[in-house]
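Construct all of the structure, not just a fragment, from the sequences and the given hints.
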Amino acid sequence: MPDRSPPAQSATDAHLESIRKLIAEDRFFAERLRSFQAGDLLIRETEREQAVWLILEGELQLSKGAESNNQLRFDRLGAGELVGILSYYTRNPNYFGVLAVESGRALVLSWDDVDGLQESQPSAYRFLQELIKGSLTKRYQRLADLHIEVDRVNQALNQEREELRATIDELRKTRERLIHQEKLAMIGSIVPGIAHELNNPAASLSRNADYLEGILKNLLTGPDTPEQMAQSWQAGLQNAFSDTNEQRQRLEQLSQRFPKLPRPLLRRLAKLPPELIPQGNSVPKDEQGWERLLQPFEAGHFIQVVRSTSHRISRLVQSLKRYTRPQSENFQAIQVEDGIRDTLLVLGSRLRDTEIETDFAETPKVSANEDELNQVWTNLIVNAVEAMDPGGKIRISSRLVTDDQQVEISFSDSGPGVPESLRNAIFEPNFTTKAQGGNFGLGLGLSISTVILQKLDGTLQVEDNNPKGAKFIVRLPALRP
Amino acid sequence: MNDPKLYILCVEDEMDVLDAILRDLSPFESTFQLEGFSSAQEAGAWIDGLDPDADRIALIYCDHVMPGQRGVDFMSELQRRESVVLKGTCKVLFTGQAGHQETITAINEAGICHYQAKPWEPDELVELTRKLLTDFVIAEAIPPLPYMSQLDQKRIAEHLHENNPFQDA
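Line order of the protein sequences matches chains A and B.
Using the working numbering, read the first sequence as starting at -13 and increasing by one per residue.
Using the working numbering, read the second sequence as starting at 114 and increasing by one per residue.
Hints may be right or wrong, so weigh each one.
[Claimed, not checked] With a straight-line Cα cutoff of 30 Å, these simulated DSBU-like cross-link-like pairs (lysine-lysine) come out:
| no. | chain 1 | residue 1 | chain 2 | residue 2 |
| --- | --- | --- | --- | --- |
| 1 | A | K169 | A | K159 |
| 2 | B | K244 | B | K267 |
| 3 | B | K244 | A | K169 |
| 4 | A | K119 | A | K50 |
| 5 | A | K379 | A | K454 |
| 6 | A | K257 | A | K379 |
| 7 | A | K257 | B | K231 |
| 8 | A | K271 | A | K257 |
| 9 | A | K169 | A | K203 |
| 10 | B | K118 | A | K246 |
| 11 | A | K441 | A | K351 |
| 12 | A | K257 | B | K118 |
[What the hints assert, rightly or not] Non-contacting residues of chain B with respect to chain A, defined by C-beta distances greater than 12 Å in every case (computed):
| no. | residue |
| --- | --- |
| 13 | Q192 |
| 14 | T216 |
| 15 | Q266 |
| 16 | K267 |
[Unchecked claim] Reference listing, derived: stretches of chain B covered by chain A, where coverage requires no fewer than 3 residues with Cβ under 8 Å from a Cβ of chain A:
| no. | segment |
| --- | --- |
| 17 | 127 to 139 |
| 18 | 142 to 154 |
Simulated from the structure, these hints should not be mistaken for laboratory data.
Note that CB positions come from ideal geometry on N, CA and C, so glycine has one too.
Structure follows, in structure tokens:
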């Protein structure tokens, strides 16, 4: 530790010199000289030494627990410094043990000697007083330095702890990302096989529906078949499902109109477009007659269902493949707002019942593959639409976060929001609240989006929207202009 | 008291699948009331409109993975309702996938009596329905005669026999 007080040091030296002179001249002092060797244990802790040691040469070490394994070393004291001052003033046992670390000599004065000096040798007493003052001052300065040092070490430790925590955090994230990539790789390895196995039967379904349609068309629309059957067949081919409430109402009306018909027949009849329900003379007389009306309709309807189902399987396979096979690395400079506007345009009819509000700032371009990025927008918008009841509202806004030069795009909806407990799960593959139609119903949307954005060094997060709903936030590094 | 109207409810968000279930269950429609719904909300609201003095729901088939309320949650909600209409109702979860947690909820909270995997065989569905309806009629001590044609007649006969107070000791 640096000595910050050279003047005090020189004063100490001067007083020490005077004491040396006294020793040379005065037997009283000469008799109280004591030599010590390095390694000598001069005073034991708690011993009632009842003496004050003035070090003339050599070096002593204050310590606690010198006789146990757990030794704490304190100050080292050199020439001109004193040992036993605390005990002398407080009349308590020694607080420290004292060990010689460098051979030398000390003047050892008992407490009575010190007390007596005041009367018998006032000048020696004054030198001693000055030396005590100097020694205590020095020790106090060392204490202050020690505090400062402890504080510095503490700060360094704290900083290290923070760094460790950040590292652990980073490691955990990395592990999660690795697990995710591992899962993707696993899916990727089995998808081509599954895609092939699924596409074949899907294609077969679709082709056979076509063949069947051709055959039935010949049978049902030939010159010999009644006009009613042909109409019914055509209607079936174009029939879309009406909702269950509407079907219930139609079923009720029909059961009042035809009270004698069995319920299962009425239920089938309820699917027929109202204009095809026979009236007056054309009402069939028997069950066969009803079947002749219903069966062509149902044949058409079933073919349509088979066809749309096989189409749906193909779409699911496609989206699976897209998910596992990263697309081109061909990045361009992209204005995100343009892509979002395109996506809204393409989604058109799906957004019929949703109010869309955009609030775009003039953001810099980002580097990305346009198709992939559009896939992200599509997923986020469709998710929001499907989470809300009709009449819901989506607000899309963009801005530049100047701190870290990121373009931020947020999608806020007025749906039920994402519960805290699901906030990790929704980014996992297979998480779904499943949507009618299956276009995006594989539960891969957010997972795909995450993968795409990660590749661009971007992020996707979810938080609560105010006052209700979910807010998905995309961040992408801005390109330098 | 008149014989209660016994209902079979089917809840399924995909219309073509719902259509197929209803079609497969149509043989029961001569004796039971069959109703289809495309969401849990729709079914829940419709149940509120039933007449507690005349209507009983014997059986509910419900898809699990649906937008809005999921099957298990809907069944749990019904389990907590104290309507006499739902007394003893047999609940079947119709599912292509359900995880471990859903299974626990299904057993502990939703009172689900059966899982039916998708896809299903029409004959099996009819037999399952017949068994569960018979269970319901016996457990709820409903006079079985009006529904006999669609129940497991052998079991009903045995049950009547066992509980015949005039039977010889």
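Evaluated hints:
1. This hinted pair checks out: K169 (chain A) and K159 (chain A) have alpha carbons roughly 15 Å apart, not beyond 30 Å.
2. Distance check on the hinted pair: K244 (chain B) and K267 (chain B) sit about 11 Å apart at the alpha-carbon level, within 30 Å; holds.
3. Distance check on the hinted pair: K244 (chain B) and K169 (chain A) sit about 42 Å apart at the alpha-carbon level, beyond 30 Å; violated.
4. Among the hinted pairs, K119 (chain A) with K50 (chain A) is consistent with the structure: their alpha-carbon atoms are about 24 Å apart, no more than 30 Å.
5. Note on K379 (chain A) and K454 (chain A): the hinted pairing holds, with a Cα-Cα distance of about 11 Å set against a maximum of 30 Å.
6. The hinted pair formed by K257 (chain A) and K379 (chain A) fails the criterion: a straight-line CA distance of about 33 Å is larger than 30 Å.
7. About 24 Å separates the Cα atoms of K257 (chain A) and K231 (chain B), which keeps this hinted pair within 30 Å; it holds.
8. This hinted pair checks out: K271 (chain A) and K257 (chain A) have alpha carbons roughly 20 Å apart, not beyond 30 Å.
9. As the CA atoms of K169 (chain A) and K203 (chain A) are separated by approximately 48 Å, the hinted pair breaks the 30 Å bound.
10. The straight-line distance between the Cα atoms of K118 (chain B) and K246 (chain A) is roughly 19 Å, inside the 30 Å bound, and the hint therefore holds.
11. The suggested pairing of K441 (chain A) with K351 (chain A) holds, with an alpha-carbon distance near 17 Å, which does not exceed 30 Å.
12. For the proposed pair K257 (chain A) and K118 (chain B), the alpha carbon gap of about 25 Å is at most 30 Å, so the pair holds.
13. Residue placement check: Q192 (chain B) keeps its beta carbon more than 12 Å from all beta carbons of chain A (closest about 21 Å).
14. Distance to chain A confirms T216 (chain B) as a non-interface residue, since its nearest Cβ pair spans about 17 Å, more than 12 Å.
15. Interface exclusion of Q266 (chain B) from chain A stands, the closest Cβ pair being 21 Å apart, more than 12 Å.
16. No beta-carbon of chain A is positioned within 12 Å of the beta-carbon of K267 (chain B); the least distance is around 25 Å.
17. Residue count for the segment 127 to 139 of chain B with a Cβ under 8 Å from a Cβ of chain A: 7. That meets the three needed, and the coverage hint holds.
18. Three residues within the 8 Å Cβ limit are the bar, and the segment 142 to 154 of chain B against chain A gives 7, so the coverage statement holds.
Of the hints listed earlier, those the structure fails to meet are numbers 3, 6 and 9, in rising order.
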